[in-house]
Amino acid sequence: MMKILMLGWELPPHNSGGLGVACLNMARALSKQGVDIDFVVPYEAEHPEINFMTIHSATHLDPIYRYGGGAYESLRLLEKIIPSIDKNKLVSIRDVQKSYCEFINDYLMDYKPDVVHAHDWLTFEAGVLAKKNYGLPLVAHVHATEFDRAGMHAGNPLIHEIEYEGLMMADKIIAVSEATKRIIHDRYKIPLNKIDVIYNSLDDDYATSDYHFEEDSYGYLKKLKSKGYTVVSTVGRFTVQKGLSHFMHGAALAISKNPKLIFVFAGDGEERNELINMAADLGISKNVIFTGFIRGKRLRDIYAISDIFVMSSVSEPFGLTALEAAHHGDCLILTKQSGVSEVIWSAMKYDFWDKQKLADEILAIVDNPALRETLQNNVRHEYLKITWNQVAKKCLKVYNNVKHKRN
Amino acid sequence: MRAICLYLHIHQPVRYRQYSIFDVGSNSNYFYDDYNGRQSNERIFHKVARKSYRPMLDLLEQNVARYPGFKVSLSITGTWLDQAEKWGPEFIAQIKRMVDTGQVEIVGETYYHSLAFFYNRDEFDQQVKMHAQKIKELFGVTPKVFRNTEFAYNDQLAKWADDNKYIGILAEGWDKILGWRSPNYVYQPFGCNNLKLLLKNYRLSDDIAFRFSNRGWNEWPLTVPKYQRWLNDDCLRGPLINLFMDFETFGEHQWEDTGIFDFMKTLIPNWLNEYDNKFVTVSEACELMPPADVVSMPDTVTWADTERDLSAWLSNSMQHSAMHDLYAMRDKILSTNDQQLINDWRYMTTSDHPYSMCTKYWNDGDVHAYFSAYASPYESFMYFENVIRDLEYRASIILDRNV
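These protein sequence lines map, in sequence, to chains A and B.
Those letters in the first sequence? Residues 14 to 420, per our numbering, in order.
Those letters in the second sequence? Residues 37 to 439, per our numbering, in order.
One or more hints might be untrue.
As the list claims (entries may be wrong) - Now the stretches of chain B that chain A is said to cover, found in silico as 3 or more residues with beta-carbon under 8 Å:
| id | stretch |
| --- | --- |
| 1 | 55-62 |
| 2 | 343-355 |
| 3 | 372-379 |
To be clear, the hints were calculated from the coordinates, so they are not data collected in a lab.
None of these values were measured; they are calculated from a predicted model.
Ideal Cβ placement from N, Cα and C applies to all residues, glycine included.
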């Protein structure tokens with residue numbers, strides 16, 4: 014039986030984003046293929062619904078401290094954001110990573126997995142340590158690079174360095190899309206044949222779980238729809254990576270042709286105030302709604318009430334939200350810079366900067382029921398074809414490929 | 037007697053560019069893209085001219101001159117002729133020289149390579165007339181044999197051709213229709229008196245048109261002796277081999293480095309070398325022998341895909357809606373009497389447009405995607421509808437002025 018040590022940073026329900034969900038689904042599918050998984054997280058907490066693998070805690074920290082507030086925020090800022098936080102327990106993310114490495118070093122003294130599988134830069138140092146000190150084959154899984162997070166500009170130099178070392182030392186790299194593979198190659202000069210692309214899939218539970226659109230939620234949007242409005246939504250963190258200012262300009266162009274459009278920006282982030290201002294400057298505040306951060310059912314309700322979902326990212330390693338929106342019957346408009354646009358064909362596509370084309374595509378879907386119908390019907394056949402089972406099979410291939418490199 | 041009837045189809049659509057909704061009402065140059073743009077008709081014409089029209093027309097002309105027994109039939113769409121007049125008038129002159137020898141015959145069809153037969157019979161009649169006039173004007177001949185766009189054929193079409201005094205009509209030799217019968221005979225279309233039906237020998241045609249350069253094909257490489265053996269074997273099923281294919285097979289679908297030109301250069305004299313072998317034009321083929329049987333095709337059969345139906349052009353709701361919107365505005369467009377506007381509208385009837393909206397195999401990224409001028413079927417439809425809106429707008433302006 015193949016033994017895998019997986020290095021992660023979060024697992025549901027203690028996740029802040031898609032990384033934890035992807036790790037969980039991947040591990041579950043792998044264990045179904047007979048893989049024995051030990052999964053390390055940097056905090057201590059219960060994971061009541063996970064019984065197919067062993068979860069190890071690298072520290073005794075509560076889950077909320079694991080990012081140390083994130084790589085970009087100072088401790089002082091963090092105190093401001095979360096007043097309830099215990100100052101004495103507040104450590105920087107570098108401290109957490111250090112403890113994580115120490116734990117891995119101790120752990121590997123007694124336990125020797127076949128392959129170490131590390132997820133994103135957060136755990137790359139620990140992965141490199143496993144390879145250096147114990148000669149274990151290392152698979153580096155890239156869900157996002159620092160270039161993605163920084164909107165394709167240079168990001169945090171320290172993170173670049175850690176990312177670079179992990180990618181250089183890895184025996185094999187898994188990228189979540191061709192776009193990510195390109196970045197790894199172009200920016201870090203890693204040879205292409207060292208990088209395999211394995212696309213993410215929709216959460217297994219997502220498609221099968223019971224969901225009923227709640228009639229009362231977003232009643233305002235429902236009312237507008239009954240008056241002939243079309244709802245266009247986007248979901249995500251309001252950061253430079255998501256290309257939302259281009260989207261806002263595209264929205265203004267579309268509204269200039271058809272005022273019966275409502276744009277929903279679901280999420281939150283540092284660009285929020287700028288976006289609110291921009292909507293006002295463009296004179297479209299009445300057509301733009303900010304929901305704030307939403308998740309779970311309230312998020313699904315947004316997908317359900319929307320007619321069109323836009324992924325406007327300047328760079329998006331994969332873009333799972335597009336598959337979620339498709340599941341709820343939205344027509345998709347994706348930037349060519351998103352990983353998901355590599356696997357979904359039944360969608361309108363544009364370059365993130367091309368606001369006129371975005372407006373064209375929105376207006377075309379609104380004005381042509383035939384286009385809407387064809388997009389909706391065809392995407393249904395597509396997103397269900399991508400499964401975690403396939404992801405696991407491809408990971409297994411990678412493991413088999415590198416496991417002899419153990420020395 | 038054994039005869040090859042070689043028929044080649046020459047066509048280019050006039051492509052609409054990525055025409056934005058923000059252009060509607062202010063800029064009507066749908067058919068003009070920057071030279072390096074994806075939908076630049078001029079660039080595409082030059083590219084295909086270099087790879088296919090020039091070398092293949094030269095090859096045909098040389099063989100016509102060298103071998104009086106070599107014959108070929110061409111169908112040339114009006115949309116191709118319009119573009120050749122601008123960007124390759126020498127090709128028209130060359131075809132004219134060949135027609136003058138009597139060894140090259142021109143086949144009739146719709147001017148705009150449209151599926152008008154299935155939408156508007158008046159429009160269809162008019163486009164066929166326009167094409168015949170253009171052929172007469174450029175080449176001095178009148179087509180006697182008809183082919184409909186994409187070989188879309190049914191009994192009604194045959195009846196129409198019979199009523200309009202054509203002597204022959206071309207169609208796909210599809211097994212489901214023919215059953216045990218061979219395509220190597222002349223047939224009589226159901227319900228017709230004088231019209232003859234010529235059926236494409238799709239196996240031997242596709243060996244050249246589709247499979248020639250396919251290294252995964254167990255018969256690759258296809259040599260002239262091997263192909264001639266197949267021709268001889270197939271003649272046991274009947275003496276007439278109808279090789280019908282796109283002109284662009286030579287040089288564009290099968291590139292020069294596959295050896296396709298050398299193959300033809302050798303095949304033609306080798307075939308003629310054998311006793312009793314000849315080439316015939318389509319009308320000569322019709323006269324060759326009495327009909328072997330009556331063939332009926334109540335449902336439309338085409339030469340596309342494995343289904344051989346119209347689904348590549350008309351299956352999803354975008355295609356239906358695009359064609360519906362287009363033909364619904366015909367009366368309004370014609371009532372303007374504005375020749376430029378009417379011609380622009382007719383350019384939109386070309387079958388390549390709905391073909392580029394096909395999503396049947398789109399997800400597999402196959403032949404439809406490869407040959408499309410647009411990034412996706414959805415984009416093609418989007419730009420098509422924008423053009424429709426502008427045509428509508430132009431018509432309204434003219435009609436309002438006339439009131």
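Here is how each hint holds up against the structure:
1. 55-62: It holds: at least three residues are needed, and the stretch 55-62 of chain B offers 3 whose Cβ sits within less than 8 Å of chain A.
2. 343-355: holds (count 3)
3. 372-379: Since 0 is below three, the answer is violated.
Going down the numbered hints, you'll see the structure goes against just number 3.
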